[in-house]
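Listed in order, the protein sequences are those of chains P and X.
Everything in the first sequence is counted per our numbering, starting at 1 for the first residue and increasing by one.
Everything in the second sequence is counted per our numbering, starting at 1 for the first residue and increasing by one.
Everything labelled a hint here was simulated from the structure, so no lab data went into it.
Ideal Cβ positions, reconstructed from N, Cα and C, are used throughout, including at glycine.
These stretches of chain X come out as covered by chain P in the derived footprint (C-beta under 8 Å, 3 or more residues):
1) 16-28
2) 41-54
3) 73-79
4) 87-95
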Amino acid sequence: MNHWIIAPVVLPAILAPLIVLFMRHDLVLQRVFSLAGTGALCGVAAVLLVTAGSAPPEAYFLGNWPAPFGIVLVLDRLAALMVALTAFLALMVQLYVIGTDWDTRGQHFHALFQFQLMGICGAFLTGDAFNLFVFFEVLLIASYGLMIHGGGRVRLRSGVQYVAYNLLGSTLFLFALATIYSVTGTLNMADLAVKVAALPEGDAALVRVAGVLLLMVFAIKGALVPFQFWLPGTYALAPGPVAALFAVMTKVGAYAVIRVFSLIFPSGTAATAGLFADLLLPAALVTLALGAVGVLGAASLGRLAAFGAIASMGTLFTAISGFRPETTAAALFYLVHSTLATAVLFLVADLVTDRRHDDALSRPRPPIAQEGLIAALFFAGCIAMAGMPPLSGFLGKLQILDAMRGRGMAVVWATILGTSLVMIVGFARAGSLLFWKSHETLSESEPHRPESLGFVAVGGLLAGLVALTLAAGPLSGQFASIADELHARTPYIEANALPERQP
Amino acid sequence: MEVLVASAVGILTAAGIYLILRLRTFPVIVGLALLSYAVNVFIFASGRLAVGLPPVLSKAAQGYTDPLTQALVLTAIVISFGMTAVIVMLALGAFLESGSDRIDTDDEGEA
Numbered sequence: 001m002n003h004w005i006i007a008p009v010v011l012p013a014i015l016a017p018l019i020v021l022f023m024r025h026d027l028v029l030q031r032v033f034s035l036a037g038t039g040a041l042c043g044v045a046a047v048l049l050v051t052a053g054s055a056p057p058e059a060y061f062l063g064n065w066p067a068p069f070g071i072v073l074v075l076d077r078l079a080a081l082m083v084a085l086t087a088f089l090a091l092m093v094q095l096y097v098i099g100t101d102w103d104t105r106g107q108h109f110h111a112l113f114q115f116q117l118m119g120i121c122g123a124f125l126t127g128d129a130f131n132l133f134v135f136f137e138v139l140l141i142a143s144y145g146l147m148i149h150g151g152g153r154v155r156l157r158s159g160v161q162y163v164a165y166n167l168l169g170s171t172l173f174l175f176a177l178a179t180i181y182s183v184t185g186t187l188n189m190a191d192l193a194v195k196v197a198a199l200p201e202g203d204a205a206l207v208r209v210a211g212v213l214l215l216m217v218f219a220i221k222g223a224l225v226p227f228q229f230w231l232p233g234t235y236a237l238a239p240g241p242v243a244a245l246f247a248v249m250t251k252v253g254a255y256a257v258i259r260v261f262s263l264i265f266p267s268g269t270a271a272t273a274g275l276f277a278d279l280l281l282p283a284a285l286v287t288l289a290l291g292a293v294g295v296l297g298a299a300s301l302g303r304l305a306a307f308g309a310i311a312s313m314g315t316l317f318t319a320i321s322g323f324r325p326e327t328t329a330a331a332l333f334y335l336v337h338s339t340l341a342t343a344v345l346f347l348v349a350d351l352v353t354d355r356r357h358d359d360a361l362s363r364p365r366p367p368i369a370q371e372g373l374i375a376a377l378f379f380a381g382c383i384a385m386a387g388m389p390p391l392s393g394f395l396g397k398l399q400i401l402d403a404m405r406g407r408g409m410a411v412v413w414a415t416i417l418g419t420s421l422v423m424i425v426g427f428a429r430a431g432s433l434l435f436w437k438s439h440e441t442l443s444e445s446e447p448h449r450p451e452s453l454g455f456v457a458v459g460g461l462l463a464g465l466v467a468l469t470l471a472a473g474p475l476s477g478q479f480a481s482i483a484d485e486l487h488a489r490t491p492y493i494e495a496n497a498l499p500e501r502q503p
Numbered sequence: 001m002e003v004l005v006a007s008a009v010g011i012l013t014a015a016g017i018y019l020i021l022r023l024r025t026f027p028v029i030v031g032l033a034l035l036s037y038a039v040n041v042f043i044f045a046s047g048r049l050a051v052g053l054p055p056v057l058s059k060a061a062q063g064y065t066d067p068l069t070q071a072l073v074l075t076a077i078v079i080s081f082g083m084t085a086v087i088v089m090l091a092l093g094a095f096l097e098s099g100s101d102r103i104d105t106d107d108e109g110e111a
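Bound conformation, chain P alone (with noise of 0.2 Å):
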């Protein structure tokens, strides 16, 4: 067994209690063994995309327990993707928090960090549906501390909201799972896989419900209509980086739904055909267009980027919708670059806000430090965040856009341009706001102290986003295999090592 596999859980796993039990009182060791960890989870998944890149999956046996009985993490490429990005991500993340000084607000940060990074990474690797649970519910549980980091009154009162509605998400989930088990009597992926597609007709109902209540939680967590209402606050009101650092836990719901519905609920299943697909275009497209409303009417700067990033997980929905190995590679490159770009503008609205002392857009203020560079900044996110030349936010619609073709062609093709103009409308608004009409105030610029590693972070996510732009063509090649790998499934199952059954 190849066990660099279950590094990205381990090696958070032991370091965050080492950060919280011997590290508390010394911010500077904290900080060299967080960006450390992270700096080696970077590594890991490094390792981990190359040797996914040429081999078929391969699964890790915990505790060497055969596959349907035992937990198994299984390494495919998808997850292999996941957990680079989402090992770069935090690399930026921490650095930024870091060179500001966030970590220094409140306590455990980097220690809740580091949970943060297993949940996420252990729910990318896991092969089980019940551990996708424990997964979700180790990043959930990071994520509350993190959110409310820094404290303030509005802060927890929205805290409460995130963790009552994310609680209630929890609920559902083991509701869809124990109806699964019920049915199928197991909850291992690869096996759920073989036993739904040769389920009785008689069960077809209940399956059709747990698939439905599945979606329905992974629609919570990736703030799909109608259950986006936790992610304006919340991303608003969370500390820049920590909402930067969630840009990727929508899409850890976006994960779940292309892996589970492209494995164990397949287009082709007699039970559920055409199901999921029916109820997911229509809950795309509108987030897809509340998304650019909220963005045009937004009235704060974190709300403006909370927004975007709605709109931004309706044209991934959109995209998975389909279904299909063209759409899955659509939707995989439009998931990479959307996750640098939400987190590129939520760090430039902490950079704004950090100078202001608060994100309002209602009217001009005085100039802030560093303007120029913040404005650039600022700008280049949200020409990625529109779908806008010549960032790869662009290359992605368009992908999506010719991926789509064929039947509801026409109202998918009018959401996506039509949002794309009011996203553009809506982002221009602000940054005239925020950076033209600035100078018609009296200018009294307070001085800032010097943050370059911020400014490293920004740079270095931006530089991702351009790296994805120019390396847009081999990389297209790599997403379409990935989605071959991913419709093709009996690589996927094979590697779970399954015992043949009598029937």
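Starting from the known structure of chain P, arrange chain X on it as the hints suggest.
Just chain X, lined up with the frame of chain P:
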């Protein structure tokens, strides 16, 4: 017995959802707790109901009840306990900071 278990799950869920839709944090937390009880019973029942049978195989036993759901429910109980503790502390913190236990207030208007 099936009717009893099914109606227990149903009533707990209904009561839980009703309480979650209230405006103050305490009923919401109690509602979440009720909902997690409901889901625990539901998971337990998803392994089929059996009376007086051991959960693991033994040579003397006539049959056995599904041990996996018991393991699942144990995990679910532990997690929901932890989460309830988190949200209680958080709600308490929010109450002490803002002097109000309403859960629905729009934060933008009063910031």
